[in-house]
Amino acid sequence: MKRTIPLAICLIMGVVMMIQFFIPHPISLEFNSTILNWIIVLFAFALVLAIGNLIRHHSIKIRKRKHDWPYSIVTLTSMAAMAIIGLFWGIEADSLFQRIYLNIFAPLSATMFALLAYYMASAAYRAFRARSLEATLLLAAAFIVMVGFMPFGQYISPRLPAFAEWIMRYPNMAAQRGIIIGVAFGAIATALKIILGIERSWLGGKE
Amino acid sequence: MKWYDRITQIDRRIIYLLLTLFIILPLFIPFKIPQNVMPQTQQLFDFVDSIPPGDEVVLLALDYTPQTAPECHPMAIALLKHCFARKVPVIGVSFDPQGPGLAVEAITSVIREVNENARTREDSVIYGTDCVYLGWKSGRVAALLQMGESVPQVFPVDYYGTPIDSLPLMLRVGNYKDVAIAINIASAAYPDDWIRYPQSRYGVKVGAGLTAVMAPKYYPFVQTGQLSGMMSGMKGAAEYEHLIVKHGYTDDSGTAETGMNSQSMIHILIIVFIVLGNIGYFFSRRGVKQ
Amino acid sequence: MNLTPDPWIWIAAFLTLMIFSFLYKDNPFYKFAEHLFVGVANGYYIALYWHNTLRPNLYDPLSAGNFIYFVPLLLGLMYFTRFIPRIGWLVRIPIGFMIGWGAGISIPAYFQADLLKQLQGTIVTPNSFLNPLEGIWAVIILIGVVCTLIYFYFSKEHTGILKPTARLGIIFIMIGFGASFGYTVMARVSLLIGRIQFLLGPWLGLIE
Amino acid sequence: MKSRDVLHLSVLTHFPFWLQSSVTFLLIAALIAPPTNVRAIDRPNDAGTAIIITWDLSPDDPVIEKYVVFRMTADDTIYQNIGFTKNGNTSFEDDDVEDGIEYTYMISAVRNSEMFNSEPSAVVKSGPQIFHLGRTNILICIIIFTMLLTIFVIQARKGRNLFIRRIPGLEAVDEAVGRATEMGKPIMYIPGLGNIDWTATIASMNILGEVSRKIAQYDTPLIVPNRWSVVYTVAKEVVKEAFVSEGRPDKFKEDYVRYLTEAQFGYAAAVNGIMLREKPATNFFIGRFWAESLIMAETGAQTGAIQIAGTDSVLQLPFFVTACDYTLIGEELYAASAYLSREPLLLGSLKAQDYGKLIVLAILFVVTLLSFLRIDLLSLLEIQ
Numbered sequence: 001m002k003r004t005i006p007l008a009i010c011l012i013m014g015v016v017m018m019i020q021f022f023i024p025h026p027i028s029l030e031f032n033s034t035i036l037n038w039i040i041v042l043f044a045f046a047l048v049l050a051i052g053n054l055i056r057h058h059s060i061k062i063r064k065r066k067h068d069w070p071y072s073i074v075t076l077t078s079m080a081a082m083a084i085i086g087l088f089w090g091i092e093a094d095s096l097f098q099r100i101y102l103n104i105f106a107p108l109s110a111t112m113f114a115l116l117a118y119y120m121a122s123a124a125y126r127a128f129r130a131r132s133l134e135a136t137l138l139l140a141a142a143f144i145v146m147v148g149f150m151p152f153g154q155y156i157s158p159r160l161p162a163f164a165e166w167i168m169r170y171p172n173m174a175a176q177r178g179i180i181i182g183v184a185f186g187a188i189a190t191a192l193k194i195i196l197g198i199e200r201s202w203l204g205g206k207e
Numbered sequence: 001m002k003w004y005d006r007i008t009q010i011d012r013r014i015i016y017l018l019l020t021l022f023i024i025l026p027l028f029i030p031f032k033i034p035q036n037v038m039p040q041t042q043q044l045f046d047f048v049d050s051i052p053p054g055d056e057v058v059l060l061a062l063d064y065t066p067q068t069a070p071e072c073h074p075m076a077i078a079l080l081k082h083c084f085a086r087k088v089p090v091i092g093v094s095f096d097p098q099g100p101g102l103a104v105e106a107i108t109s110v111i112r113e114v115n116e117n118a119r120t121r122e123d124s125v126i127y128g129t130d131c132v133y134l135g136w137k138s139g140r141v142a143a144l145l146q147m148g149e150s151v152p153q154v155f156p157v158d159y160y161g162t163p164i165d166s167l168p169l170m171l172r173v174g175n176y177k178d179v180a181i182a183i184n185i186a187s188a189a190y191p192d193d194w195i196r197y198p199q200s201r202y203g204v205k206v207g208a209g210l211t212a213v214m215a216p217k218y219y220p221f222v223q224t225g226q227l228s229g230m231m232s233g234m235k236g237a238a239e240y241e242h243l244i245v246k247h248g249y250t251d252d253s254g255t256a257e258t259g260m261n262s263q264s265m266i267h268i269l270i271i272v273f274i275v276l277g278n279i280g281y282f283f284s285r286r287g288v289k290q
Numbered sequence: 001m002n003l004t005p006d007p008w009i010w011i012a013a014f015l016t017l018m019i020f021s022f023l024y025k026d027n028p029f030y031k032f033a034e035h036l037f038v039g040v041a042n043g044y045y046i047a048l049y050w051h052n053t054l055r056p057n058l059y060d061p062l063s064a065g066n067f068i069y070f071v072p073l074l075l076g077l078m079y080f081t082r083f084i085p086r087i088g089w090l091v092r093i094p095i096g097f098m099i100g101w102g103a104g105i106s107i108p109a110y111f112q113a114d115l116l117k118q119l120q121g122t123i124v125t126p127n128s129f130l131n132p133l134e135g136i137w138a139v140i141i142l143i144g145v146v147c148t149l150i151y152f153y154f155s156k157e158h159t160g161i162l163k164p165t166a167r168l169g170i171i172f173i174m175i176g177f178g179a180s181f182g183y184t185v186m187a188r189v190s191l192l193i194g195r196i197q198f199l200l201g202p203w204l205g206l207i208e
Numbered sequence: 001m002k003s004r005d006v007l008h009l010s011v012l013t014h015f016p017f018w019l020q021s022s023v024t025f026l027l028i029a030a031l032i033a034p035p036t037n038v039r040a041i042d043r044p045n046d047a048g049t050a051i052i053i054t055w056d057l058s059p060d061d062p063v064i065e066k067y068v069v070f071r072m073t074a075d076d077t078i079y080q081n082i083g084f085t086k087n088g089n090t091s092f093e094d095d096d097v098e099d100g101i102e103y104t105y106m107i108s109a110v111r112n113s114e115m116f117n118s119e120p121s122a123v124v125k126s127g128p129q130i131f132h133l134g135r136t137n138i139l140i141c142i143i144i145f146t147m148l149l150t151i152f153v154i155q156a157r158k159g160r161n162l163f164i165r166r167i168p169g170l171e172a173v174d175e176a177v178g179r180a181t182e183m184g185k186p187i188m189y190i191p192g193l194g195n196i197d198w199t200a201t202i203a204s205m206n207i208l209g210e211v212s213r214k215i216a217q218y219d220t221p222l223i224v225p226n227r228w229s230v231v232y233t234v235a236k237e238v239v240k241e242a243f244v245s246e247g248r249p250d251k252f253k254e255d256y257v258r259y260l261t262e263a264q265f266g267y268a269a270a271v272n273g274i275m276l277r278e279k280p281a282t283n284f285f286i287g288r289f290w291a292e293s294l295i296m297a298e299t300g301a302q303t304g305a306i307q308i309a310g311t312d313s314v315l316q317l318p319f320f321v322t323a324c325d326y327t328l329i330g331e332e333l334y335a336a337s338a339y340l341s342r343e344p345l346l347l348g349s350l351k352a353q354d355y356g357k358l359i360v361l362a363i364l365f366v367v368t369l370l371s372f373l374r375i376d377l378l379s380l381l382e383i384q
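Protein chains in written order, with the numbering used here: chain A, 1 to 207; chain B, 1 to 290; chain C, 1 to 208; chain D, 1 to 384.
In short, the hints are calculated from the structure, not lab data. It is possible that some hints are incorrect.
Claimed, not checked - Heads up, simulated DSBU-like pairs for lysine-lysine below, C-alpha to C-alpha not over 35 Å straight-line:
(1) B:K2 - D:K279
(2) A:K64 - D:K214
(3) A:K61 - D:K214
(4) C:K25 - D:K185
(5) B:K87 - D:K125
(6) D:K185 - A:K61
(7) D:K251 - D:K185
(8) D:K86 - A:K64
(9) D:K66 - B:K217
(10) B:K87 - B:K32
(11) C:K25 - B:K217
(12) D:K185 - C:K163
(13) C:K156 - B:K2
(14) D:K185 - B:K2
(15) D:K214 - C:K31
(16) D:K279 - C:K156
(17) A:K64 - D:K66
(18) B:K217 - C:K117
(19) D:K185 - D:K253
(20) B:K177 - D:K86
(21) C:K117 - B:K137
(22) B:K177 - B:K87
(23) D:K86 - A:K66
(24) D:K66 - D:K86
(25) D:K253 - C:K31
(26) B:K217 - B:K87
(27) C:K31 - D:K251
(28) B:K87 - D:K86
(29) C:K25 - A:K61
(30) A:K2 - D:K279
(31) A:K66 - D:K251
(32) A:K64 - D:K279
Unchecked claim - Looking from chain C toward chain B, a few residues come up when the C-beta cut is under 10 Å (computed):
(33) G182
(34) V189
(35) L191
Don't be surprised by glycine CBs; every beta carbon is placed ideally from N, CA and C.
The whole structure should be built from the sequences, with the hints applied where relevant.
What follows is the structure, encoded as structure tokens:
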């Protein structure tokens, strides 16, 4: 029973959602939106467990005075402060909550994102070596596109920008399509295996 | 350590430092790398450049977020400068909830700049007569369709709460018939809806300004004519800035063009590092063989 | 130099520098910024989930007497049974519910958006040759897609005819990866320029 | 338009001068032919409340400004204007109707604010449909693929030996787990940044199960940082059950599976921190990734960890290929759990995937060839 009931629920949900796709009737649409609503609520409930784990992890660190424990205090207090501000004083456009979002959350996000520029440079330097035919092609394609899309590209050869665009639009497109079609089969097979209960590692074990 | 081993193992911090310098320097030392203008940017410029002044308006949908501002904001600025210089009225709208902040900033800053340099009434831009910002509305698709019938019905008041019928510009703009082109500057797939509804149902000309990551998806629409031109990424913005300077509509190039200098420098830097790495690799492999 | 008096911009600027300091090496400033980030982000989502999800989608309908909402409430509460060993297995019910749902909606979606759509775009027709050059490129795409798919063929060793085609497939893949990489550099550098413009402009007032 | 003007003039010359002005007026009026053959049908494959009106273009279409659509119910006495569309268009969707009510439509060609009305359409009613006919091809795809999968799974159950080619990234899993054990350092498994509704995340959970099973046999700590609360809950169950089924429940520690934050870059910042402070010897990046992929993979490369990535995010693959030691490209990710477990049932489904690809290749060739023989099958792939 401990395995059959969850498996049955999984099977029913999977089949019902597939059938729903083919029925344009209002009742089916209504059903779909109800289920979506429930899913959203379930996501929110799981957050409680997850936050519980986070609090547990950091409070153990603080209690046992593990390495870097003072930073755990930063996480816990900033989390509590932000949650309380948002829960009790609202999240409207001109609230303190939004102000913190814009001046703390947003710049932190944007800066982490901006690190990518540095990492692209170091990854390209380290990895773009003409070790084999494949690596050389990777290198050459990156090279042509990087030069071709820049203003100075036309001085190296006036046809370079067009060639760079050609690579983007044809060989690149072909490879992406091939990968996407393959992925579609993999994903569909995985989803079917889940629904049919062939793949059940989410229940743990195979027995 | 041999020289060729050394250039295969440059410390990443040196790369990072050089990269930072190469971004900062062009921001202070302006220089010009002539732009090669991509055909889709040229197409958009030509379209806006051929709108007869004072008759039809340009509808500017500003739907980009702070994260993508380095790419999209200069596009909005350049377009506004171009329209104002040609006396083409502009109506701004936003359908992304994060849009209005940056949209207001773009519009007010360009108006201020134009008016500072203006000597006569003819040269200046007056809010309400030459330009209006209508603000944000939810339900994008419904609003897009409704605007085909009547813009005032969707936006009874502008962003600042002024009733539409007290704005002279809005008195002569009823619906898409009075719109020469609608240009959507967006960091999400919003141009899809502009193509699907105003373009195909009402025959509105649609242009787009997109981040570099999104742009390739929209090439086919330019080809079929569903988009009457497109700017892609910071490069597209720089090209547009370059075009308005070249045609004498303004004399200072905007942030994208200086940003583009940094871009070019960094591309050159990365290419130099890749080349160095490969030279080192080539010689060290020969060294091993011998 | 024209430093801003706005304390919020100072905060944003310092946090920006703290994250950048990670490029040199891990250090207390980065640790602080990182832990603050995680804390603020979680606090943000807690408030957001309450205001945008739990209240409108559960609390309001329940207090309005819409009892069908007891189902998600009950399912949600089952997550917590994992702390009670005897009925701990009940946690699998909401998980099964969600996994089944995710699998069910994805199957038609993949067939629709990824498979049929991509196939449609790949097939070469006489119309592709209206412009002869475009026609040749369409054939190249077709060859590329076919070879890439053969590369992903699992249940045979890549020998015989499969060997050269799979190899051509990986060549297409590598060219595609290189081109995507090169193209993305442009977009990512824009973000960094944006950050640096923020530091030099609104904060230090060195550039406009 | 030109030829009409010529005609117009030549007709005019036959009339005396005093008649000309009124005749001109009449002729222009008569010259704009209204659209014809107006048909209205219930919009197919929908939830009702919409009617599609189509018509044949007026021969004067190029000089027409627009077509205005008029509608009338049995209770109305006059036609109501419900919208317009530009010239050149031959259809209009009225999505503001009530189901079950009878409507008739009329299309008017407009020029210089004069209207030239068509004949009214036949009476039409809208209503919802039970089956979406436009999606029949998808239904057929699902049925065929499910049959393929069932056949091969049954064969596998009967004990038929199923071959699977070598996948280098997966061969390396054992080596990677072993190396971490030797070094006495932890293994980090990042299950992607997608929520549970991404199939890649489900595939990642399956692989996590296999990897944890291998880890359970050694004394190697595991770190699974999570972005989504639901994925966190599932990951915890998966790892715990893997330890239980290997007979090592005592070795499972609550701290192995952690929740970080939903914020994309907050997550990346925290993972970077873990990489530098807990120094995992092996990093797995398996699942769905976005722009943060290279931030994490490059930091991992700097710490000298062995890195194995696997994703179906086409845009992120180039970055994993450059920064990781092994990368599972696209579909290889979905082959992984079968490959690692060698479970016959799972291998059976891999066979079904391969046959699916063979069918795709066949379709590509056959439809292409037939289209050159003027047999158009492309429309069979059309989806709505």
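Outcome of the hint check:
Taking the CA atoms of B:K2 and D:K279, the gap is near 31 Å; set against the 35 Å cutoff, the hint holds. Between A:K64 and D:K214 the CA atoms are separated by roughly 30 Å; this keeps the pair inside 35 Å, and the hint holds. Restraint check for A:K61 and D:K214: satisfied, since their Cα atoms lie roughly 28 Å apart, inside the 35 Å limit. The straight-line distance between the Cα atoms of C:K25 and D:K185 is roughly 21 Å, inside the 35 Å bound, and the hint therefore holds.
As the CA atoms of B:K87 and D:K125 are separated by approximately 50 Å, the hinted pair breaks the 35 Å bound. Between the alpha carbons of D:K185 and A:K61 the distance comes to roughly 19 Å, so the proposed pair stays at or under 35 Å and holds. Distance restraint check for D:K251 and D:K185: the Cα-Cα separation of roughly 16 Å lies within the 35 Å cut-off, and the hinted pair is therefore satisfied. As the CA atoms of D:K86 and A:K64 are separated by approximately 73 Å, the hinted pair breaks the 35 Å bound.
Restraint check for D:K66 and B:K217: the C-alpha separation of about 31 Å stays at or below 35 Å, so the hint holds. Note on B:K87 and B:K32: the hinted pairing holds, with a Cα-Cα distance of about 28 Å set against a maximum of 35 Å. Between C:K25 and B:K217 the alpha-carbon distance is near 38 Å, which puts this suggested pair outside the 35 Å criterion. Between D:K185 and C:K163 the alpha-carbon distance is near 40 Å, which puts this suggested pair outside the 35 Å criterion.
Note on C:K156 and B:K2: the hinted pairing is violated, with a Cα-Cα distance of about 46 Å set against a maximum of 35 Å. With a CA separation close to 34 Å, the supplied pair D:K185 and B:K2 stays within the 35 Å bound. Taking the CA atoms of D:K214 and C:K31, the gap is about 33 Å. The hint holds against a cut of 35 Å. Restraint check for D:K279 and C:K156: not satisfied, since their Cα atoms lie roughly 39 Å apart, outside the 35 Å limit.
For the proposed pair A:K64 and D:K66, the alpha carbon gap of about 77 Å is over 35 Å, so the pair is violated. Distance hint between B:K217 and C:K117 is fulfilled; the C-alpha atoms sit about 14 Å from each other, no more than 35 Å. With a C-alpha separation of about 16 Å, the suggested pair D:K185 and D:K253 falls inside the 35 Å cut-off, and the hint holds. Taking the CA atoms of B:K177 and D:K86, the gap is near 10 Å; set against the 35 Å cutoff, the hint holds.
Restraint check: the Cα-Cα separation between C:K117 and B:K137 comes to about 32 Å, which is no more than 35 Å; the hinted pair holds. Note on B:K177 and B:K87: the hinted pairing holds, with a Cα-Cα distance of about 19 Å set against a maximum of 35 Å. Only pairs whose Cα atoms come within 35 Å are accepted, and D:K86 paired with A:K66 is rejected, the gap being roughly 71 Å. Our distance criterion of 35 Å between C-alpha atoms is met by D:K66 and D:K86, whose separation comes to about 5 Å.
With a C-alpha separation of about 25 Å, the suggested pair D:K253 and C:K31 falls inside the 35 Å cut-off, and the hint holds. For the hint linking B:K217 to B:K87, the alpha-carbon distance of about 33 Å falls within 35 Å, and the restraint holds. Note on C:K31 and D:K251: the hinted pairing holds, with a Cα-Cα distance of about 30 Å set against a maximum of 35 Å. With a C-alpha separation of about 28 Å, the suggested pair B:K87 and D:K86 falls inside the 35 Å cut-off, and the hint holds.
A distance of roughly 23 Å separates the Cα atoms of C:K25 and A:K61; the hinted pair therefore holds under the 35 Å criterion. Note on A:K2 and D:K279: the hinted pairing is violated, with a Cα-Cα distance of about 38 Å set against a maximum of 35 Å. For a cut-off of 35 Å, the pair hint linking A:K66 to D:K251 stands: about 21 Å separates their Cα positions. Proposed proximity of A:K64 and D:K279 is supported: the alpha carbons are some 21 Å apart, at most 35 Å.
Hint status for C:G182 relative to chain B: holds, with the closest Cβ pair at about 9 Å, below 10 Å. Because the smallest distance between the Cβ of C:V189 and any Cβ of chain B comes to about 5 Å, under 10 Å, the interface hint for this residue holds. Look at C:L191: its Cβ gets to within about 7 Å of chain B, closer than 10 Å, so that hint holds up.
In this structure, the earlier hints numbered 5, 8, 11, 12, 13, 16, 17, 23 and 30 are contradicted, and the remaining ones agree with it.
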